[in-house]
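Peer 1: Last residue of the sequence shown? That's 215 in this note's numbering, and every number before it is there in order.
It should be emphasised that the hints constitute simulated quantities derived from the structure, not laboratory data.
Cβ atoms here follow ideal geometry from the backbone N, Cα and C, with glycine treated the same way.
Hints are supplied without guarantee of correctness; some may be wrong.
In silico EDC-like pairs for lysine to aspartate or glutamate, Cα to Cα no more than 20 Å straight-line [stated by the list, open to error]:
#, residue 1, residue 2
1, K214, D62
2, K214, E135
3, K183, E135
4, K168, E50
What follows is a list of derived Cβ distance ranges for each label pair [said to hold, decoys possible]:
#, residue 1, residue 2, range
5, N41, P115, 19 to 27 Å
6, E15, P142, 24 to 32 Å
7, R104, K183, 35 to 43 Å
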Amino acid sequence: MNSRLTSKGIPVSCEVDIYGALSEYLGLCVTDHPVTLLDINNTVPAPVYEQHIRTKRPYRNDDLFMGFHCGNTSCSLLRNPHMGYQLIMKRGLEPDAKEPDITRGTLEGDLISGPITMYRLQSNSRGQLKAYVAEGEVLDVPTNSFGSIGIIGIEGMARFYRYVLLKKAYPHHAAIAYGHAGKVLFSLFTYLGVEDIAFNRKEDQLYDGENPFKH
């Protein structure tokens, strides 16, 4: 159901993520295509990186992460989408069941490859808006995992994660819009009066508070 709603242009976010749904809607307006909301999840296993990425793509392993969620992604954004069940919830809610029952109904599949924009609009406890935007891509590499999931490459992701996502206390959900829409989204956040707009910086551009001494 979540996938169908997203496919129709109706934003869907899990875990009562209001600003996540709002972020999805903004991306839908900008790109005119479905947007998904994913966990910024675990790193990519070293064997996968060595076999499929290291000599073929311009990414270090710490530029990559698994974008994942339980099935709220539009089927139009998935390769070979199929119905499944929520593996993590089954472990907790019906661990002894041979076949899933109440945890059935998620849409499974790897994300299609292509350029993407990862972004989010968020508010702090004082009602002040902040946002981030970073362009990258979903790699054409099998995840060998479950859920709606893909390997995402963002240049300088490790530093961006530390000095933006963690330091500025962003939630773990990121909106993912296909295509490079950073220029329009940055302008949109500016029009909305957002003063704190972060982006993934180049190696020679320090973040606030980043130590300039590398050794």
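Peer 1: Hint compliance check: list the failing hint numbers for this structure, sorted ascending.
Peer 2: Per hint list: 2, 4 violated.
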